[in-house]
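These are the residues of each chain, in order.
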Amino acid sequence: DAGVIQSPRHEVTEMGQEVTLRCKPISGHNSLFWYRQTMMRGLELLIYFNNNVPIDDSGMPEDRFSAKMPNASFSTLKIQPSEPRDSAVYFCASSLSGGTGELFFGEGSRLTVL
Amino acid sequence: DAKTTQPNSMESNEEEPVHLPCNHSTISGTDYIHWYRQLPSQGPEYVIHGLTSNVNNRMASLAIAEDRKSSTLILHRATLRDAAVYYCIQGGGSNYKLTFGKGTLLTVNP
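The listed protein sequences derive, respectively, from chains A and B. Anchor point for the first sequence: position 43 equals 43 in this note's numbering, and the numbering is continuous, going up by one each time. Take the position in the second sequence, starting the count at 1, then add 114; the result is the number in this note's numbering.
Worth flagging that the hints you see were computed from the coordinates, not collected in a lab. Since the structure is predicted, the reported quantities are computational estimates derived from the model, not experimental observations. Just to be clear, a hint being listed does not mean it is correct.
In silico lysine to aspartate or glutamate, EDC-like type, Cα no more than 16 Å apart, as pairs [as the list claims (entries may be wrong)]:
#1 B:211 <-> A:57
#2 B:211 <-> A:56
#3 B:117 <-> A:44
#4 B:211 <-> A:102
#5 B:211 <-> A:107
Start from the sequences, fold in the hints, and give me the full structure.
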C-alpha cells in the first residue's frame, strides 16, 4: 500500500495568495483527519471527516480555512487568503474507525507564507 | 482537552531497554492509551495502543497501571533509528480526538 499521500510536499507563497493542500487517504479507510504542526503549538487537529462527512471542524482556525472531502479517496484543505502565521506543516491522516485504531499519517505539506 | 504528562526528554544507549513513562490521571473508562512517535522531518507513526491489559507488538510493549492513571512504553533494545519524539495520548473509542501534547524527545547514544 502506498500509504497516505499528500501534495505538495513544500509550498512557498506570498501573503494573500490561495493555498490548496491535497490528501489521498489509504484505500478502504473511512476516517480522515487534518492536523497542523508548529513549534509553538505542536500538533493540532483541524478537522475530522467520517465517511466523507465533516464531523468536527472546531479546530479550524478561522473562516480563511476550509476543507472538503468530495469522495472517499480525496480531500483538500484550502487557505484563502493565506497569512504568514499559517506557516506550518500540515498533516493528513486516515484510519479505519475514528481514533480507536491506528492513524496513518502522510509525510506532510510544509507551507511557508511570506 | 484530555491531557497526558510526559518528561520533556530522555536519553538512552543503543541496544539498552528504554522505559518511557506517561501519566494520564484524567483518563475515562472508554479512553484508550495510544503511543505515536515522530522521527525528524516525518509524520507521526503509530507505535502501540491499549485499554487495560499490557500489550506487545513488534515495535514495543505497553505496560498499563492497574488504575490506568499511568503507563510505560518499553522499547526492548533501543536503536539509533528509535531516536524520535514519543507522544502518549488518551482517547479513541467514542472519543476520536487524539490530542497530541509535547511528547518526550528520546535521544539514543551509540
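Results for each hint:
no., hint, in the structure
1, B:211 <-> A:57, "holds (11 Å)"
2, B:211 <-> A:56, "holds (9 Å)"
3, B:117 <-> A:44, "holds (13 Å)"
4, B:211 <-> A:102, "holds (13 Å)"
5, B:211 <-> A:107, "violated (20 Å)"
Hint compliance for this structure: hint 5 alone is broken.
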